[in-house]
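Number of protein chains: 2
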Amino acid sequence: MRLLEERIAKDGRILPGDVLKLDSFLNYQIDVDLLMECAAEWYTMFKNEGITKILTIEASGIALACVCAQYFKVPVIYAKKSGFCNLPTDMLCSKIISYTHGRTYDIMVPKKFLEPNDKVLIVDDFISNGSTMKGLISIVEKSGATVVGAGVAVEKTYLKGADELRDKGYRIESLARIKSLDPLRGVEFT
Amino acid sequence: MRLLEERIAKDGRILPGDVLKLDSFLNYQIDVDLLMECAAEWYTMFKNEGITKILTIEASGIALACVCAQYFKVPVIYAKKSGFCNLPTDMLCSKIISYTHGRTYDIMVPKKFLEPNDKVLIVDDFISNGSTMKGLISIVEKSGATVVGAGVAVEKTYLKGADELRDKGYRIESLARIKSLDPLRGVEFT
Chain A
1 MRLLEERIAK DGRILPGDVL KLDSFLNYQI DVDLLMECAA EWYTMFKNEG
51 ITKILTIEAS GIALACVCAQ YFKVPVIYAK KSGFCNLPTD MLCSKIISYT
101 HGRTYDIMVP KKFLEPNDKV LIVDDFISNG STMKGLISIV EKSGATVVGA
151 GVAVEKTYLK GADELRDKGY RIESLARIKS LDPLRGVEFT
Chain B
1 MRLLEERIAK DGRILPGDVL KLDSFLNYQI DVDLLMECAA EWYTMFKNEG
51 ITKILTIEAS GIALACVCAQ YFKVPVIYAK KSGFCNLPTD MLCSKIISYT
101 HGRTYDIMVP KKFLEPNDKV LIVDDFISNG STMKGLISIV EKSGATVVGA
151 GVAVEKTYLK GADELRDKGY RIESLARIKS LDPLRGVEFT
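Protein chains in written order, with the working numbering: chain A, 1 to 190; chain B, 1 to 190.
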């Protein structure tokens, strides 16, 4: 999606540790018009799939998911991050390793919000090594619901997280695909 | 706002410790249509005030703020919660005490996202003792920007946080005003 790539090239900041900061339009400060354009793309791709719920993860994913929900007319659910899953009888839990922070933590969603007949679109801002996405997929599948696919704003293609999931048959639709990130050369898209 | 009050009466759960759980439509699972109705109310109230930014706090405030932004056509900024403010030269920080958890923590926003000529609408889901709202107001005022007012979904009127701020001249517009919360009698609105 050219609009998103142009914005990343213009306003993204590359920091040490393979970090791409998009804090002027995607996290911290949010350009909701740009998010609407992203949501419109995913709506075109998934509108005939019978989506019943949109799942994301706090915090920045909530913005994307709420904007998507206005196209799909379905509820949003967001997973919370926690040190540990302390109510396993009521909760669907999964362990993830943050690519940015290197920390392991549990993510969770109350069981009551996902049912076996749900068809779920997962939405998130980034996919790097895919740990968060795998965790969200695992939560949906533990509930018996179906993962229809995922809409991701930014994919780091060199980290293979999305491709590994595609190889397993999941439909991962990213809108800006970054093949390299270098403090001197900037961002290169595929 | 009758629609929000009816939903709270129907789906809210009252837990020990003066906690009102609205996790089936406001946190965890989000009914974006209901949030649009809330945003429409605040837009009617504040549309002639020249709002340039909407400020909220992670995580659940992000949903309300992003929906509001579609009426006001301005960027959203959200404050992050942290154990401590570790970049005070780049950050606007404020200390708050969570009413629900009793914990003290810093909230912060990068200085670059608020400028002296900004006119800010603050949006949040709850106001109880007002600590979070005071923290958000303090962040705006430290930047030199103007707090035009605040839109809050649910006010616990018996805790006086909103009234204290009104007494100081702030415009706090809440959509459901709860005067008592009792596990047996349920929720009473003013």
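Careful, some of the hints might be misleading.
For chains that are exact copies, the list does not tell them apart, and a pair is met inside one copy or across any two.
Derived SDA-like pairs (lysine to any residue); straight-line CA-CA distance at most 20 Å [said to hold, decoys possible]:
id, residue 1, residue 2
1, Lys-111, Met-1
2, Lys-112, Asn-129
3, Lys-179, Gly-17
4, Lys-21, Phe-113
Read the hints as simulated data drawn from the structure, not as lab findings.
| Which numbered hints fail | Structure breaks hints 1, 2.
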